[in-house]
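Residues per chain are reported as follows:
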Amino acid sequence: MNLFCQQPKHLQPDQLHMKLHEYQAKELFGRFKLPVPEGQVAATAKEALDCAHALGFPVAIKAQVHAGGRGKAGGIKVVANIDDARTAIDTILGMTLQTAQTGKISKKVGKILIEKGVAIDRELYLSILPDRATASLMIIASSEGGMNIEEVAESSPEKIIRVRVNPLTGIQPFHLRQVAFGLGLNGDGFKSFCGLLSRLYTVVEKNDLLLAEINPLALTADGNFILLDAKVEVDPNALFRHKDLAATYDSSEDDPLELEAKKYNLNYIRLKGNVGTMVNGAGLAMATMDIIKQAGAEPANFLDVGGGANAEMIENGFRILLSDPDVKSILINIFGGILRCDVLATGVVEAARKIGLNLPVVVRMEGTNVDEGRNILTESGLDLISATDLQDAAEKISTIAGQA
Amino acid sequence: MSIFIDDNTRLLVQGITGNEGKFHTLQCESYGTNVVSGVTPGKGGQDVDGIPVFNTVRDAVRETGANASMIFVPPPFAADAIMEAADGGIQLVICITEGIPAHDMLRVKNFLATTSSRLIGPNCPGIITPGACKIGIMPGPIHTPGPIGVISRSGTLTYEVVHQLTGVGLGQTTCIGIGGDPVIGTNFIDCLSAFAGDDQTKGIVMVGEIGGNAEEEAAAFIQDNLNKPVVGFIAGLTAPPGRRMGHAGAIVSGSSGTASAKVAAMENCGIHVCKELGRLGVFCANVFNE
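From first to last, the protein sequence lines are chains Z and G. If you read the first sequence in the numbering used here, its first letter stands for residue 1, the second for the next number, and so on. If you read the second sequence in the numbering used here, its first letter stands for residue 1001, the second for the next number, and so on.
Just chain Z, with the same shape it has in the complex:
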């Protein structure tokens, strides 16, 4: 598993980093005077062909999806003439991509980036990301960039350069020298790399990026650097000061139920199982999923309604669970602190009345106002199964899942 930024509360890093498409990342880098290839994004075959024609061959045709590993999955092609361009565009535009980095989810390609081909002499690797352990911004670089960078990291770790920058001082000349000398650069290449790295650091700092990764960073035959690929992830917690970036986010690859949940500030991730869960607090939500699995069933989702949830949020969360056709039973586990049990119970009852309840729901509540909460559930006349504690809840879910 990975990274600094892998906050367990959201389970999956994808969920908590706002990813930009490659073409958006390159636009951002271009604004900071970083060298990116000439190119244009296209959503139709005609646009793409016109673009290729205007740029002149060879051109690179690149699928724009939120995932790495596109090259290996066939989402990137370099073509030398218009006929090959037409074939490649028809293949890539609209294809579904499943790469090493998308996991089991396939992503449909709705946009492609057409870029002018570049004569490459060397491929380097360069990234900057926050390092949780040292509270610094870490620069990672390697002279062995390209598709096999992870194998390089594994087999020859000495070829990976790491330099940590204290965010209070920002990047200093000695940081730049450490990286540039480490990459074996000299002369003009050394100088232009230092300028490039310095600007990349500025992009990361000014835009609250959780990841800026350039792989490969190409050194061209004529001695210039160019950012051939660009991966950028923005801190969603910082979007209040980056309205421009927030507006660029392409949500077309997201699960519709996850998007719906986002509207109500619910932390929801759809999974493969059929036991829906609603829990307050991320740690408890993960532990509840563990309990479901240990009981021999599979969770259908992760749903953290948060500590300060109100009746309306509970109602919306419950409605999202019920609208997932895979969900065959539901376990609600709430430890009332800020969120009082009576508020929870009211929300559940309201939602169940509005939508109608046709599957078994096990409710386990503890904490603030638990007696009032239990009364509301009992007096509702709804068919809700009450669990006395977690162990009891696990056994009840196990029984229900076994019958299904």
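The hints are simulated quantities; they were obtained by calculation from the structure and are not laboratory data. A couple of the hints might just be wrong.
Said to hold, decoys possible - Lysine-lysine pairs mimicking DSSO-like chemistry, simulated, CA-CA at most 27 Å apart:
| id | chain 1 | residue 1 | chain 2 | residue 2 |
| --- | --- | --- | --- | --- |
| 1 | Z | 46 | Z | 108 |
| 2 | Z | 191 | Z | 206 |
| 3 | Z | 111 | Z | 77 |
| 4 | Z | 46 | Z | 72 |
| 5 | Z | 243 | Z | 262 |
| 6 | G | 1228 | G | 1202 |
| 7 | Z | 293 | G | 1275 |
| 8 | G | 1275 | Z | 328 |
| 9 | Z | 272 | G | 1275 |
This one's a predicted model, so the numbers in the text were calculated from it and none came from an experiment.
Given chain Z's structure and the hints, the job is docking chain G onto it.
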């Protein structure tokens, strides 16, 4: 005895005039915490149920002798609030706020290193010494004084653990939620070494989650430095492996951070790892009553 807070704690609340700030301030006060002042810029001179409000932390410290601060300031302004507290001489800063930008916390953490202040959190439920002092949003009544120290990265999961401990008759010296964010002020090891030096604490429960390698480091520390029994729990045993995040992630941390890696590391270091949350209380009773 307890760690970090006790009867001498004089609490200041930053963001005291907001809804949540006010609600939890009064909850803490009714639990017995000595809340001496609050800070909301521009509202100096007002009061919240008799608690005087100041414009700056320095004013509040000078006038009321506050030595701890609880922060309820919204995320865009929370980093500033933490630094103001440390700059004002507050020795213990507890930040409840969730959703502070990561880059802000990088700067805060480096700034705090130049001061003598301790930060707990952010994105945490706070800290409580049952029967004496509560600084945070946890429900007071589930806690009871006793010999067990609790350290957790979670909020409500901590309540569940404490509730079960109290249920089997194991009270607590101090319970600390260290927070779920990637960059936090006080980590497991800081708390473990404090509990190691606290005579009243006879055993420790450590609640972790997937991600990062704080639990692995804590396990190594326990093996080398602690001769008190420790029960561990990790949430996320069955969480699906995270989708990949570009190459940088794999280069940085390889395979660490998974629940099974954490459980293995903890068991190797002599920690009693409980795998079923529903039986955690009973599990602890068996370990600690030996």
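message: Which constraints among the numbered hints does this structure fail? Numbers only, ascending.
response: Violated: none.
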